[in-house]
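Top line first, the protein sequences correspond to chains A and B. Residue 392 in this note's numbering sits at position 218 of the first sequence, with consecutive numbering throughout. Residue 203 in this note's numbering sits at position 29 of the second sequence, with consecutive numbering throughout.
Just so you know, the hints here were simulated from the structure itself, not pulled from any lab data. It is possible that some hints are incorrect.
Distance condition first, Cα-Cα at most 20 Å in a straight line; then the derived EDC-like pairs of lysine to aspartate or glutamate [claimed, not checked]:
id: 1; chain 1: A; residue 1: 309; chain 2: A; residue 2: 408
id: 2; chain 1: A; residue 1: 332; chain 2: B; residue 2: 299
id: 3; chain 1: B; residue 1: 332; chain 2: A; residue 2: 349
id: 4; chain 1: A; residue 1: 415; chain 2: A; residue 2: 448
id: 5; chain 1: A; residue 1: 424; chain 2: B; residue 2: 368
id: 6; chain 1: B; residue 1: 415; chain 2: B; residue 2: 349
id: 7; chain 1: B; residue 1: 415; chain 2: B; residue 2: 404
id: 8; chain 1: B; residue 1: 424; chain 2: A; residue 2: 368
id: 9; chain 1: A; residue 1: 415; chain 2: A; residue 2: 371
id: 10; chain 1: B; residue 1: 415; chain 2: B; residue 2: 439
id: 11; chain 1: A; residue 1: 424; chain 2: A; residue 2: 358
id: 12; chain 1: A; residue 1: 332; chain 2: A; residue 2: 448
2 protein chains.
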Amino acid sequence: MASPAQELSPPVGLIAAGGTMPFAVADSLLARGIRPVMFAIRGACDAARVQRFRHHWISVGQLGRATQLFRDEGCRDLIFIGSLVRPAFSELRFDFATLRAIPQIWASFRGGDDHLLSGVGRIFEAQGFRMVGIKDVAPDLLMPEGSVARARPDAAAKADIEKGRAVLQALSPFDIGQAVVVIDGHVVGIEDIEGTDGLLARIARLREQGRIRSPAGRGVLVKAPKAGQDLRYDLPTVGPKTLEGAASAKLAGIAVAAGNAIVAEPQAMIAAADRAGLFIMGMTG
Amino acid sequence: MASPAQELSPPVGLIAAGGTMPFAVADSLLARGIRPVMFAIRGACDAARVQRFRHHWISVGQLGRATQLFRDEGCRDLIFIGSLVRPAFSELRFDFATLRAIPQIWASFRGGDDHLLSGVGRIFEAQGFRMVGIKDVAPDLLMPEGSVARARPDAAAKADIEKGRAVLQALSPFDIGQAVVVIDGHVVGIEDIEGTDGLLARIARLREQGRIRSPAGRGVLVKAPKAGQDLRYDLPTVGPKTLEGAASAKLAGIAVAAGNAIVAEPQAMIAAADRAGLFIMGMTG
Chain A
175 MASPAQELSP PVGLIAAGGT MPFAVADSLL ARGIRPVMFA IRGACDAARV
225 QRFRHHWISV GQLGRATQLF RDEGCRDLIF IGSLVRPAFS ELRFDFATLR
275 AIPQIWASFR GGDDHLLSGV GRIFEAQGFR MVGIKDVAPD LLMPEGSVAR
325 ARPDAAAKAD IEKGRAVLQA LSPFDIGQAV VVIDGHVVGI EDIEGTDGLL
375 ARIARLREQG RIRSPAGRGV LVKAPKAGQD LRYDLPTVGP KTLEGAASAK
425 LAGIAVAAGN AIVAEPQAMI AAADRAGLFI MGMTG
Chain B
175 MASPAQELSP PVGLIAAGGT MPFAVADSLL ARGIRPVMFA IRGACDAARV
225 QRFRHHWISV GQLGRATQLF RDEGCRDLIF IGSLVRPAFS ELRFDFATLR
275 AIPQIWASFR GGDDHLLSGV GRIFEAQGFR MVGIKDVAPD LLMPEGSVAR
325 ARPDAAAKAD IEKGRAVLQA LSPFDIGQAV VVIDGHVVGI EDIEGTDGLL
375 ARIARLREQG RIRSPAGRGV LVKAPKAGQD LRYDLPTVGP KTLEGAASAK
425 LAGIAVAAGN AIVAEPQAMI AAADRAGLFI MGMTG
C-alpha cells in the first residue's frame with residue numbers, strides 16, 4: 175500500500191477505464207487542490223465526460239506510449255480506476271515496450287483480473303512510477319462505518335450478514351466471491367465472474383421462479399474484498415445500481431466493508447435505498 | 175450411516191420423489207433379490223413408471239398415514255430417493271402425527287434441504303424405522319473411481335480439478351456449493367440453489383456473451399458432497415443431463431467424488447460424454 179493522501183506528488187495520473195468512478199476521483203482530487211491528468215483507455219472511458227479534464231487517450235497493449243505520456247505530464251503517482259472488460263488477447267495490438275513485457279503480462283493474464291492489473295502495475299513500478307489506490311487518492315469516496323440509509327438491519331439481517339462474512343472469508347484464498355447473498359440463514363448465491371449486478375439479477379429471477387421461498391424484504395447482499403487482495407487494484411464498488419439490484423432481489427439491505435469499498439454516487443445510492451426501504455451497512459472489523 | 179447392503183431387512187421402503195433414480199434403485203434391489211415397496215410422493219413421483227412396482231401414494235405433511243403404510247408393508251428400512259422441490263409451508267395439509275412433529279420439522283425447515291430431510295428422517299427413526307442411503311441399498315449406482323468415458327483429463331484439467339476440490343472444501347461448512355466450475359485456473363462459477371444444471375447453463379451463457387475468454391473444450395465441473403453432510407439424505411447426482419450441460423458450457427469434462435455421488439443412467443451419461451469428447455473422472459481421496 176502506498177503512503178497516505180497528503181504525500182501524493184501531483185499531478186496524479188488516472189488511468190481511466192469505464193463508468194463514473196474516474197470522474198468522481200478526479201473531482202475529489204481537484205476539490206483538495208491536487209491536479210489530475212486522465213489517461214483515458216480507448217473503448218472504455220467515457221469520451222464526453224473526460225473532456226472536462228486534462229487528458230490523453232491510450233490503448234491497452236501500448237505500454238510504451240503510455241509511459242512516455244506519464245513522463246511528459248510529470249506524473250509519478252498513477253492509479254487504475256474504472257471498469258474494464260478483460261480484453262481478448264488476440265484483439266490487442268502491442269507496441270515494442272509491451273512486447274518486451276509480454277512474458278510477465280501473460281503470466282498475469284492467466285491469473286484473475288486483479289492479477290492482470292497488478293502485473294501491469296509492477297511493470298510501471300519497475301520504470302519508476304508509483305501505483306496508488308483509491309484509499310490514497312480519494313478516501314472520501316470509500317464506504318463509511320455504520321448505517322447510511324434510513325432503514326436499519328434487524329436481528330435476522332445481522333445474522334445473515336455474519337454468515338455472509340464467514341462465506342467470503344472461506345472463499346478468500348480463491349479468485350472468486352467478493353459478494354454473497356444470504357437469506358434467512360441460507361447462502362443463496364455467490365458472486366462469480368458475472369459480478370454483483372449479475373448475482374442480484376439471478377436472485378431476483380430465483381425469487382420470481384419461486385425457488386426462494388423466504389418472504390420479500392428479507393436477506394442481505396454482503397460485499398467485501400478478498401483477504402490478501404491488493405486493494406490498490408480491485409476494491410469492491412457499490413452504487414445506486416447495486417441498490418436497485420438489491421431491491422429487485424427483494425432483499426432487506428446490503429452490507430459493505432467500511433473503508434474497503436468504493437461508493438459510486440453516494441447520494442443517488444442512499445436515495446435508491448430509501449425509496450425501496452433497504453438498509454446500507456458499513457461493516458467494520 | 176446404516177450398515178452395509180447385505181444387512182438390509184427386506185422389504186425396503188423407497189420414499190420416492192421425482193426423476194429416474196427411485197426406479198433405478200428399485201431395479202437394483204430387485205436384481206439382488208431384495209423386494210422394494212414404493213411410497214410415491216404425490217406431485218413428485220412419476221405415476222406411469224411407479225406402476226411396475228408395488229406402491230402406495232403418500233403426501234408431504236401426512237406423516238401419520240405414511241408411517242402406518244410403512245408398518246402395514248412390514249418395511250423397517252426406509253430410503254428417501256428422488257428430487258423434491260421444497261414445498262411452500264402454506265401449501266401443505268397436515269395430519270395429526272405431522273402437527274405433533276411440527277416444532278421439530280419447522281426447525282429443520284429453516285435449515286437447508288438436507289436438514290429438512292434429515293429432520294423427517296429423525297422422526298421416522300424415533301418410531302423404530304431405520305433410515306438408509308444409496309450406499310446401503312444400491313452401491314452399484316455410485317460413481318466408480320477413475321475415468322469412465324473415452325476422453326482423459328490433461329494436465330490443465332487436472333489442475334482445474336484440484337482447484338475445484340479446494341474451493342468445495344473451503345465452502346464445506348456452509349449450506350451451499352456441491353459443485354464448482356474451474357476453467358484454466360479461474361473459478362468461474364459456484365453452484366447455488368439453482369443447482370448443477372443451472373450452474374452449467376450460466377457458464378454456457380457467459381461463454382456466449384464472451385465473458386469467459388478461455389477457448390472451448392477447457393475447464394471442469396467438479397462435484398462432491400459437503401464434508402459432514404449426511405450422505406443418506408443428499409448425495410450429489412450426475413447423469414446424461416449433467417454431461418449435456420457440461421458440453422453446452424464447452425468444458426473439457428467433469429470430476430465427481432467416487433463412491434460419494436449417484437450416477438443416473440450411466441450408459442446414457444457415458445454416451446453423452448463420448449459424443450461431446452468430454453471426460454468423466456471419479457475422484458478419490
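I'd like to know which numbered hints this structure contradicts. Please list them from smallest to largest.
2, 6, 7
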